[in-house]
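K.L.:
Per my numbering, the very first residue in the first sequence carries number 678; after that it's consecutive.
Hints are computed from structural coordinates only; laboratory data are not their basis. Treat the numbers as computed from the prediction; the structure is a model and nothing was measured. Any given hint might turn out to be false.
Claimed, not checked - Derived pair list, reagent style DMTMM-like, types lysine to aspartate or glutamate, alpha-carbon separation capped at 20 Å: (1) Lys1239 with Glu903; (2) Lys1037 with Asp979; (3) Lys1239 with Asp721; (4) Lys1199 with Glu1188; (5) Lys990 with Glu976; (6) Lys898 with Glu843; (7) Lys1236 with Asp859; (8) Lys1239 with Asp902; (9) Lys827 with Asp721.
Claimed, not checked - Ranges between beta-carbon positions, derived for each pair: (10) Pro1206 with Leu950: 22 to 30 Å; (11) Arg1123 with Gln1191: 17 to 25 Å; (12) Leu813 with Arg760: 46 to 54 Å.
Yeah, the Cβ is synthetic: ideal placement off N, Cα and C, and Gly gets one too.
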Amino acid sequence: MGALQRTHNCNELDQNFLGQEVTLMGWVLRRRDHGGVIFIDLRDRWGITQVVFNPEINPEIHAKAHQLRSEWVLAVRGRVERRPGEMENPKLKTGAIEILVDQLTILNTSQTPPFPLDEDSEVSDNLRLQYRYLDLRRPEVAAKLVMRHKALQTVRNYLNDQEFLEIETPMLTRSTPEGARDYLVPSRVHAGKFFALPQSPQLFKQILMISGMDRYYQVVKCFRDEDLRADRQPEFTQIDMELSFVDEHRIISIMEGMVKTLFAATIGVELSLPFAQMRYEEAIRRFGTDRPDTRFGFELVDLTQALTGCGFKVFNSIIDKGGVVKAINAKGCGHFSRKDLDDLTEYASRFGARGMAWIKIKEEEWQSPITKFFNDEEIAAMGQALDAQPGDLILFGADMPSTVHQVLAELRLELARRLDCIDQDRHDFLWITDFPMFEYDEEEKRYTAIHHPFTAPHEDQLELLDSDPAAMTSRAYDLVLNGNEIGGGSIRIHDPEIQEKVFKALGIEAEEAQEKFGFLLKALAFGAPPHGGIAFGVDRLLMLLTGSSSIREVIAFPKTQKATCLLTEAPAPVARKQLTELHLRPDWKEE
RNA sequence: GGGAUCGUAGUUCAGUUUGGUUAGAACGCCGGCCUGUCACGCCGGAGGUCGCGAGUUCGAGUCUCGUCGGUCCCGCCA
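Could you build the full structure based on these sequences and the hints that come with them?
P.N.:
If you want it as structure tokens, here you go:
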């Protein structure tokens, strides 16, 4: 008798297979030992099938089955039987049948698992990540990796159909200024020199366009050595793309097709095209953020003009210093208690608010510690601007614009969460366009690129490069879904002269530009086609598609918030000899 | 770099407010019984560095300080 060969998986047998001899392989999910008959739920990647050991059929095998325990690995051969009488289990796809076992091979035993795999019980991240291989056996966890696979396959098929080429770019590349902190790899061959892991394949994909590849994509790991969040890991995956001879409209329309295909294939949602678009300026003005969640209201209203010269000193002095006063009308929140308001104020303070004025709109009066400072005209103006009705609550932000915007943007999200007024079935896609080219960095006393230094400005604004860079807008675009940035890109500069001017505006001198980006400038001079691209965050996208609360859930082997891997215990010390080879001398205390 | 929160049996958690006898429950695990269960049932049993270290106290799971780890957030990062 040879070794058993698997004939089916644990999710495919039903009445159509009655009477067939089959062989299944999998893990013991649960055993129900009645002394006589023994039931085992056998689990594999696909599902669960009940296998039965009956002492009357085969006493020897039955005795052997008695010792089976959780997560032992089995091969069973037997006949597919209809379950007797009322014994069907509607919860299982295979619930109408069972396997009457006449041959059992124990392929492996297992220690008792450190946490239960058979239910969706809460297990600490600590344990889950330490025993990630067990965690991944849980169907609901495995399902997320399955969906990730399906999503990537769908995207690849779509892009292949659109004549994109999948091309790999180096993981060992050079560190470039701007952007996030690099992960560095010391060179053994060149003492004192370092590779950097890519933050994105930005320059390579542009060079591929210059190479005439025309359309490139890659499912690619990117690395940023910054602190982690629920939606940020130090290594993450992008669907990265670049196209030649296109403008932003063409790119946006191709991407909309891709996203529509993706949503249909993964979660069966039919999106209607095209997606909404909004200029950056409008997003900030109405929502305080460049990634607004448009599933609910509470929009920002600018009261600066209406309240200039008002009797409230706090507002006045802020306006005098160039600040703004904006407010949101929390419709129907007039009943909020003092504690509710204190909580919101405390919440606002996390984002830089130094206080939060509020007004409760009552039938007979405006109830607030600050109403007395305003005259009738000001109150009327506010009431009209905010559409204030009895029962409403007005929340104010008064500070420099960036602080006000951040605070009110976070407050409106917090309000929506508290009131539970977000329609979870909605998929609000929104393109944000016309970002500023530059923003002024107070610390470094220079302009930095909002997107990156290769983003093209609008051509009719080129003369502003010298006179007023801050007023320039770029040909960049982000795709936002329900308040989450899931992708972003731009049309690039393909003219080396403009590229040099942009570097100059960023305070990067010609010499430095040559040293750091000389290879790109040189390439641009050899007939670079107009081109542009975009990249999607695969992990965030999958987090949204699976309804997960962290991207760790959709990454097979994620890192903890302190950027360690609990499974492998990386990072770890290395032998002194390895350091010497790399020309590194440790200045840390050795164990 | 900073703030918040959690850490008690293999797991999930109660006990910490107000320090005081032998630290409990459920699930899991082990043993026994059980021929139709599917979260099987019944009976019995084992299982604890209360994260770690100092301190206060006659006495610390409980109070104080430090430290380690998980998570969330600010800064940082597109």
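K.L.:
If you test the structure against every hint from before, which numbers come out violated?
P.N.:
Checked against the structure, the hints that fail are numbers 3, 5, 12, while the rest are satisfied.
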